[in-house]
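Spelled out, the chains give:
Protein chains: 2
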Amino acid sequence: MNLIYRNAEEGDLSKLIEMLADDQLGADREDSSTPVNQAYIDALKVISDDPNNELIVAERSENSETYIIGMLQLTYIPYLTYKGSWRCLIEGVRVHKDHRSKGYGKQLFEWSIKRAKVRGCNIVQLTSNKQRSDAIRFYNDLGFKASHEGFKLMIED
Amino acid sequence: MNLIYRNAEEGDLSKLIEMLADDQLGADREDSSTPVNQAYIDALKVISDDPNNELIVAERSENSETYIIGMLQLTYIPYLTYKGSWRCLIEGVRVHKDHRSKGYGKQLFEWSIKRAKVRGCNIVQLTSNKQRSDAIRFYNDLGFKASHEGFKLMIED
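Top line first, the protein sequences correspond to chains A and B.
In terms of UniProt numbering, the first sequence has 141 at position 141, counting the first letter as 1, and numbering is strictly consecutive.
In terms of UniProt numbering, the second sequence has 42 at position 42, counting the first letter as 1, and numbering is strictly consecutive.
Isolated chain A (complex conformation):
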């Protein structure tokens, strides 16, 4: 069950949006109509052009067919702290609904932690909604410590 990891491309967008829209929260805020909303194409270009952001897709090949298993975004952030250091923020992790409960989530995170190390990071961080108790157990099992409160503020237009 080895996965292939690569940067997301425009041709992936409809599948990625499908994953982002695949829960109540996502369904309300995303636009999964076709053709793909230009706003997503523009956003992907901004992410791809930023050397400190990587929107990653994980694929699996089977019987000469390749399909997307999941996605996530890594952001590498330089700080003064720790005598100058890099930190990796993981966001937007999704495993496609057809491929859940097969251990892919764990593989995605293990790969991400290795990738953060290659990029010279000494901390990996993420936030997880407190209502998602399964996710919270999952991150604890991976060795993450819920040492912090994760605060969000929506900015009004």
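If you are wondering where the hints come from, they were derived from the structure by calculation, not from laboratory data.
Some hints could be false.
Intra- or inter-copy, both count: the list cannot distinguish identical chains.
Simulated pairs of lysine-lysine, DSSO-like, Cα-Cα distance not exceeding 30 Å [to be verified]:
{"#": "1", "residue 1": "K102", "residue 2": "K130"}
{"#": "2", "residue 1": "K106", "residue 2": "K15"}
{"#": "3", "residue 1": "K45", "residue 2": "K15"}
{"#": "4", "residue 1": "K102", "residue 2": "K114"}
{"#": "5", "residue 1": "K145", "residue 2": "K97"}
{"#": "6", "residue 1": "K117", "residue 2": "K130"}
{"#": "7", "residue 1": "K97", "residue 2": "K83"}
{"#": "8", "residue 1": "K83", "residue 2": "K130"}
{"#": "9", "residue 1": "K102", "residue 2": "K15"}
{"#": "10", "residue 1": "K83", "residue 2": "K15"}
{"#": "11", "residue 1": "K45", "residue 2": "K114"}
{"#": "12", "residue 1": "K102", "residue 2": "K117"}
{"#": "13", "residue 1": "K83", "residue 2": "K45"}
{"#": "14", "residue 1": "K152", "residue 2": "K83"}
{"#": "15", "residue 1": "K106", "residue 2": "K130"}
{"#": "16", "residue 1": "K97", "residue 2": "K152"}
{"#": "17", "residue 1": "K15", "residue 2": "K97"}
{"#": "18", "residue 1": "K106", "residue 2": "K152"}
{"#": "19", "residue 1": "K117", "residue 2": "K45"}
Mind docking chain B on chain A? Use the hints.
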């Protein structure tokens, strides 16, 4: 008590490191020796060269003297979610020990939220150590919601 906000410069580093080292956690991990450790100079250059990171110092002028009140770092992160959106991460907020309990922290955050809006962000986020109950109350009062767990993983060398 109007503050002046600007990007940090190399000449600020000794003062900034002093602020970062000013608690038990910081004292253990920072190097406040003089001259300034080259690693901080290099890190500041990396941050300054990244258009999506701003290391901000807040100053006050009084009796023709200007002094640094506080610091913080803003990271602007592009995402696919919300039909393509920007989020602002706030980290490394410090108010100098000589200037605490005067409302400067609130001013720093109000400025940061405005700045995030100017940069087109629709969410501002931060994490705060659960042991810092004063800080947590402060963020709640500013309108932040502690909806998420903030997970950290230290990467071993």
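Right, here's what the structure says about each hint:
| no. | hint | in the structure |
| --- | --- | --- |
| 1 | K102 x K130 | within (23 Å within a copy, 33 Å between copies) |
| 2 | K106 x K15 | within (21 Å within a copy, 42 Å between copies) |
| 3 | K45 x K15 | within (17 Å within a copy, 38 Å between copies) |
| 4 | K102 x K114 | within (20 Å within a copy, 44 Å between copies) |
| 5 | K145 x K97 | both (27 Å within a copy, 29 Å between copies) |
| 6 | K117 x K130 | both (27 Å within a copy, 26 Å between copies) |
| 7 | K97 x K83 | between (42 Å within a copy, 21 Å between copies) |
| 8 | K83 x K130 | between (32 Å within a copy, 24 Å between copies) |
| 9 | K102 x K15 | within (19 Å within a copy, 51 Å between copies) |
| 10 | K83 x K15 | between (41 Å within a copy, 14 Å between copies) |
| 11 | K45 x K114 | both (25 Å within a copy, 26 Å between copies) |
| 12 | K102 x K117 | within (25 Å within a copy, 40 Å between copies) |
| 13 | K83 x K45 | between (33 Å within a copy, 13 Å between copies) |
| 14 | K152 x K83 | both (28 Å within a copy, 19 Å between copies) |
| 15 | K106 x K130 | both (19 Å within a copy, 26 Å between copies) |
| 16 | K97 x K152 | both (27 Å within a copy, 27 Å between copies) |
| 17 | K15 x K97 | within (11 Å within a copy, 51 Å between copies) |
| 18 | K106 x K152 | both (26 Å within a copy, 16 Å between copies) |
| 19 | K117 x K45 | both (25 Å within a copy, 21 Å between copies) |
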